[in-house]
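Novice: Go ahead and model the full structure; you've got the sequences and the hints to work with.
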Amino acid sequence: MNDPDSAKRSDRELEQTLRALRPDLLRFALWLARDVATAEDVVQEAMLRAWKSRTELADAAALKPWLLTIVRREHARLYERKRLELTDVDSLVASDDPALAASDDEQTRELRLAIFRLPEEYREPLVMQVLGGFSTQEIATELGLSQGAVLTRLFRARDRLREVYGLPQRALEAKHEL
Amino acid sequence: MNCEEARLRIGGEPTAMSPELEQHLAGCADCSGYRAETLRIETGILRAMQLPVPAASTEAASRVVPLQPALPRRSSPWRNRGWALAASVLMAIAIGVMFGGSRDGEALATELVSHMSGEATSWDETRQIPQSALDLVLKRSGVQLDRAALGEVVYAHACFFRGRYVPHLVVRTARGPVTVMVLPGETVQDTERFDEGGYSGVLASAPGGAVAVLGRGETDVDEPLRRVLTALTP
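Chains D and X, in that order, are what the protein sequence lines are. Numbering-wise (the working numbering), the first sequence opens with residue 1 and increments by one. Numbering-wise (the working numbering), the second sequence opens with residue 1 and increments by one.
There may be inaccurate statements among the hints.
[What the hints assert, rightly or not] If you only want the chain X side, here are some residues facing chain D, beta carbon under 10 Å, derived:
1. 38
2. 53
3. 118
4. 120
5. 123
6. 149
7. 150
8. 151
9. 154
10. 160
11. 162
12. 165
13. 223
14. 226
[What the hints assert, rightly or not] In silico DSSO-like cross-links for lysine-lysine, where the CA-CA straight-line distance does not exceed 30 Å:
15. X:139 with D:52
16. D:64 with D:52
17. D:64 with X:139
None of these hints come from the bench; they were simulated from the model. Only a predicted model underlies this, so the values are computations on that prediction, with no experimental measurement involved. Using N, Cα and C, we set each Cβ at its ideal position, and we do this for glycine too.
Specialist: If you want it as structure tokens, here you go:
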């Protein structure tokens, strides 16, 4: 049954939820895009897309992962469409970007920079797992990879970050190569 | 499970545990140490990923040099729409304000007032924002307006409101700050006043949308409305 008042109420609730989730979506997009302006564009497009597709969302509890997936796809679409140049992380540092604000301790700042410097194929699954809460199976499905390949990429991402802690990297055998 | 497989599991999913891994760790000090290191790093990664994100677009716009081109914006019905005519009509309406709003207008007013609670700190801003910040917000919303006609804008944010991104501005006036929201696509019957939740406001209709001006308490909203309508004139 279509109750217009109920639909309006539900729209209002969704809008409030979207607004509340915006910082999380923006943070997620920022890790993917490594640029505040681009991340904001991605989130804006993603939220508009989500709003238009809101009737497709059957389970309200799945809202956040659904939105994060839209953000990721929107970011991927942007890269496909514009073939954007890679962001120069050194410029990001030089511009005193709020993303790298020095309010945290030095190690966190270094780690943040190291994550920003990870190649996209390592950074993206790491961000999806740590920030998005996606399982390796979900990441594999979303990225069109095998679960084993995702596991290897996640291993390699973390392996590179060991350097920040002065720890040696651990090589994998050839069978785990991508 | 050998050490290689164990490390791959640990590095891929540090917090996950399986009976096989547990069994391996029980008998392998090297891999146990590796897991402890990885969990320590994981705590750091979690902390590092909690980036401080800007609360409003304006902050980012004023501080960050974009490294990449922005997405192309959709064309907006608010561009090139004969605002001069709309403004003159609306100014006339605004002067002879009508009382008694429509149901749609009342619902819109209620949502605007509710929206204000999420942007409470916007009223505290006192410094004029840079032109580039305002331009970015307007670009994100697909709205064009003349800043000079609008007055001193101290806050600007592209807000997600009723399924669209709309400019939410705070303008300083001689009688205190007012909030201005330009609402493409909204329908309002002529001009409607409201007094709700500690805010007094006015909604004005226009071809292609509406404009809302809100003040706290007894603030004059008519003069700011006139300014907004003039500012929207191409």
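Novice: Any of the earlier hints contradicted here, and which numbers?
Specialist: 4, 5, 6, 7, 8, 9, 13 and 14
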